[in-house]
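Peer 1: Once you've looked at the hints, dock chain B against the given chain A.
Chains as they are written, first to last, in the numbering used here: chain A, 81 to 626; chain B, 14 to 161.
Simulated from the structure, these hints should not be mistaken for laboratory data.
Computed from a prediction, not measured in an experiment: that's the story for all the values here.
Some hints here could point you the wrong way.
To be verified - Partial selection, computed: residues in chain B whose CB lies under 7 Å from chain A:
no.: 1; residue: K76
no.: 2; residue: F90
no.: 3; residue: K93
no.: 4; residue: S125
no.: 5; residue: P150
Unchecked claim - Distance condition first, Cα-Cα at most 20 Å in a straight line; then the derived EDC-like pairs of lysine to aspartate or glutamate:
no.: 6; chain 1: A; residue 1: K609; chain 2: A; residue 2: D559
no.: 7; chain 1: B; residue 1: K153; chain 2: A; residue 2: E282
no.: 8; chain 1: B; residue 1: K76; chain 2: A; residue 2: D172
no.: 9; chain 1: B; residue 1: K153; chain 2: A; residue 2: D418
no.: 10; chain 1: B; residue 1: K130; chain 2: A; residue 2: D559
no.: 11; chain 1: A; residue 1: K277; chain 2: B; residue 2: D149
Glycine included, each C-beta is placed from N, C-alpha and C at the ideal position.
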Amino acid sequence: MALTLLRGIRTQALFRANAGLFCSTRLSPPARFTTRVEGVQTTSPKTAPTSIQQAAKEAAEQKMQGFEAVIGIETHVQLSTVTKAFCSCPYDYGSHPNSTVCPTCMGHPGTLPVLNAKVVECAVKVALALNCQISMTSKFDRKQYFYPDLPKGYQISQFDIPIAEKGYIDLDLPVEFGGGHRRFGVTRVHMEEDAGKLLHSESGNYSQVDLNRAGVPLLEIVSEPDMRTGIEAAEYGAEVQRLVRYLGVGNGNMQEGSLRCDVNVSVRPIGQSEFGTKVEIKNMNSFNEISRAIDYEISRQIHLHKESQADQIVQETRLWDEASQKTFTMRKKEGLADYRYFPEPDLAEVVLTSEYVDEIRNSLPELPEAKRRRYENMGLSMQDVIFLANDDNVAHFFDSTLEHGADAKLAANWIMGDMTAYLKDEKLSIHESKLTPLELSEMIASIKNGTISGKIAKEILVELIAKGGTVKSVIEEKDLIQIADPGAIGAMVDKVLADNPKQLEQYRAGKTKLQGYFAGQVMKASKGKASPVLLNKILGEKLKGN
Amino acid sequence: MFSAAASAIPRLRCAAPARYASSRTQWSLLRRRPLSSSPNVTPAAAASGPGPLEPPDLPRLAKSARISLSPQEAEEFAPKIQQVVDWFGQLQAVDLESIEPSLRADTAVGSSLREDKAEPFANRDAIIEALPSYVDPYIKVPRVLNSE
Chain A
81 MALTLLRGIR TQALFRANAG LFCSTRLSPP ARFTTRVEGV QTTSPKTAPT
131 SIQQAAKEAA EQKMQGFEAV IGIETHVQLS TVTKAFCSCP YDYGSHPNST
181 VCPTCMGHPG TLPVLNAKVV ECAVKVALAL NCQISMTSKF DRKQYFYPDL
231 PKGYQISQFD IPIAEKGYID LDLPVEFGGG HRRFGVTRVH MEEDAGKLLH
281 SESGNYSQVD LNRAGVPLLE IVSEPDMRTG IEAAEYGAEV QRLVRYLGVG
331 NGNMQEGSLR CDVNVSVRPI GQSEFGTKVE IKNMNSFNEI SRAIDYEISR
381 QIHLHKESQA DQIVQETRLW DEASQKTFTM RKKEGLADYR YFPEPDLAEV
431 VLTSEYVDEI RNSLPELPEA KRRRYENMGL SMQDVIFLAN DDNVAHFFDS
481 TLEHGADAKL AANWIMGDMT AYLKDEKLSI HESKLTPLEL SEMIASIKNG
531 TISGKIAKEI LVELIAKGGT VKSVIEEKDL IQIADPGAIG AMVDKVLADN
581 PKQLEQYRAG KTKLQGYFAG QVMKASKGKA SPVLLNKILG EKLKGN
Chain B
14 MFSAAASAIP RLRCAAPARY ASSRTQWSLL RRRPLSSSPN VTPAAAASGP
64 GPLEPPDLPR LAKSARISLS PQEAEEFAPK IQQVVDWFGQ LQAVDLESIE
114 PSLRADTAVG SSLREDKAEP FANRDAIIEA LPSYVDPYIK VPRVLNSE
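Chain B with its partners taken away, still in its complex shape:
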């Protein structure tokens, strides 16, 4: 049903010739997209080739990830996280000018789809057991009104 995409590299070119022209601008946007979509990592920094990446706003990141950090921990972790980011930042040294961006990092070739056939999970009891707070038939959670 789905094609086993051609094995030539870059694979995407063979699979999607028709969309090449129109998605070019889309994909150059992708290239300029920073590693995280956090507004603190400016697009300019990522796209301008080699150069330092902006330090992440740790309190903001922690809030987004719902991880509570004390100010002391934040101070302590910030340089360590910066080190990790910088380590990946070595990739900035690569010259990407003439390379088409990948859709995603993928080496798997061939269909990874599943037939639309029902297989009810047999051990529902174990799932219910594992719930921290269950009042039949619902999972009980603290009252949350919006996602902020």
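In isolation and in its complexed conformation, chain A is listed as follows:
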């Protein structure tokens, strides 16, 4: 989808960059951010045209009018542990309200929290993946405030001594947005618990509380204010999601609420070292929304600066409204919240040994960044690299296919093209495909050695994904072996020409396009098995010869 953009009219890219904010039909990046195998189809271009990238860059700079944006993101990741952080209640998204609760997570008097070992393991995994410095000892603190979804009246969190600090994350921006590699800093990672859910009734003066989610473990990841555009911020969020899924610590689903991002945006004139007033934005439900919300907020703030109304920018929380594509002020809070942090007396320190940390470090899978660099070194285009490394399952399938000897570029094309298209149509994910990496590499080899044509391969691909089986057996069963014998093809050509004297005459008279018609007839006669290359060669010779 995005590829046709790049290959298409140049003005389209400019249109997108300029009108991005105000046009609600702004083209969003392809759905690379979702779990399913979706995304670009067909073979990829060799390189994205740099002139388009340059034009988009210039347009973006123009839009900023001499200002730069400073963006930071706080991400909350819900860990998919079996039990909650401080009690043994199970947690399943979508459970009947108030069913996965116990006195501890409901904050009944006399209950005590007991830390789930898995939470620490997940925290260390994420911290290592984010290249952080791990605190070998850290502690929990109480963050105190009153709210109906907070049973204890405080949230157990980590305040001044988090489990990890000072890390960074590497990512690649999508090709259709100019591409490029970025490294963004991570200020800290800490463990805490989630609150319950509060639902406001439509009418009436009451609200409803569901405490299933109270006590579910969260990791809070705070970034350095290193991002400068909406797309950088969205990609940061997407990379955190990728990491979380690669590591298997959570499902990172924004729609479900297992990945939440709060964004802080400020602007300052280029060259100024002080930060401008920062504004927090909440209520973004997808990475696309994050990108658009930030871009809107940046232009809102720049506009106020330009109108000499910079003092109108106040430190506040604004909500993104997807319908109107704007941010709105939430009710302003009076003064800063006083959380009265103090060390959680009911929990011991979290003490780690270097053996423990090393053990986890050694068990980490190959992370997205490492995969992308490895694929890049294979000579694949960035478009391919980003697609293949996006979903761990797809990358694994790709790697397995290569292990069986397939060529990287061909394997990438088949996976990204026909296979992805079919899986998307059938709403399957790649590990539901009955086509195995071995068979895919078999199929690629069969095309290469001329046993079947590419066209035939496309047909049997669908069957193999849906029903499984081996390439060999399908070819034999359906008698699909390519006819590559010149004699046999020659005979078929002769017959077709003999059977179609009228068209032959028209061809002689100058209607040379009819060669395609003859080719089609031969293909039909051969049940699609004639080698297209050989067919056209022989057909051409015979038509010239007679």
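Peer 2: Just chain B, lined up with the frame of chain A:
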């Protein structure tokens, strides 16, 4: 899995030698942190060693804790609370110059972690019974829009 931290005191030094240098500034911040993070107890008072602690702002504290006090009660309680604070304030007399701050007051050694194994609570009915206001399947509460 987790280490039984060395029994030597101060325990934290043995467990975290690598972080010593970098957390020094963090921990000296901790030392200067007042007993409560209420802005009314100034850091200077706590860090300067022996000396009187600022009296707590009782109305503010009561508001933070959602305890309603009449002005009369506030007047009555203020000196009593001051007495409690002063009693703890005796600790200010200790010379902390050469002592490294503790992460927390902890004598328990060894792992106090729990395996990630589900144990659904058996007596959910009793919990529901104990709720002051329950309209199946939600807990009913007065409408609150923000935490202020």
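Peer 1: Are the hints correct? Go through all of them and say.
Peer 2: Here is what the structure says about each hint:
Hint on K76(B) is violated. Least Cβ distance to chain A is approximately 10 Å, over the 7 Å limit. With its C-beta approaching chain A no nearer than about 18 Å, F90(B) sits outside the 7 Å limit, and its interface hint is violated. For the restraint placing K93(B) at the interface with chain A, the shortest Cβ-Cβ distance is roughly 20 Å, beyond the 7 Å limit, so the hint is violated. About 5 Å separates the beta-carbon of S125(B) from the nearest beta-carbon of chain A, less than 7 Å, and the hint is met.
For P150(B), the shortest C-beta to C-beta distance to chain A is roughly 4 Å, which falls under 7 Å, so the interface hint holds. For the suggested pair K609(A) and D559(A), the alpha carbons sit about 9 Å apart, so the restraint of at most 20 Å is met. Restraint check for K153(B) and E282(A): satisfied, since their Cα atoms lie roughly 14 Å apart, inside the 20 Å limit. A hinted pair counts as satisfied when its Cα atoms are at most 20 Å apart, and K76(B) with D172(A) does not qualify at roughly 37 Å.
Proximity of K153(B) to D418(A) is assessed by CA-CA distance (about 27 Å); at most 20 Å being required, the pair is judged violated. Taking the CA atoms of K130(B) and D559(A), the gap is about 55 Å. The hint is violated against a cut of 20 Å. Between K277(A) and D149(B), the direct Cα distance comes to roughly 15 Å. Compliance with the 20 Å bound is thereby established for this hinted pair.
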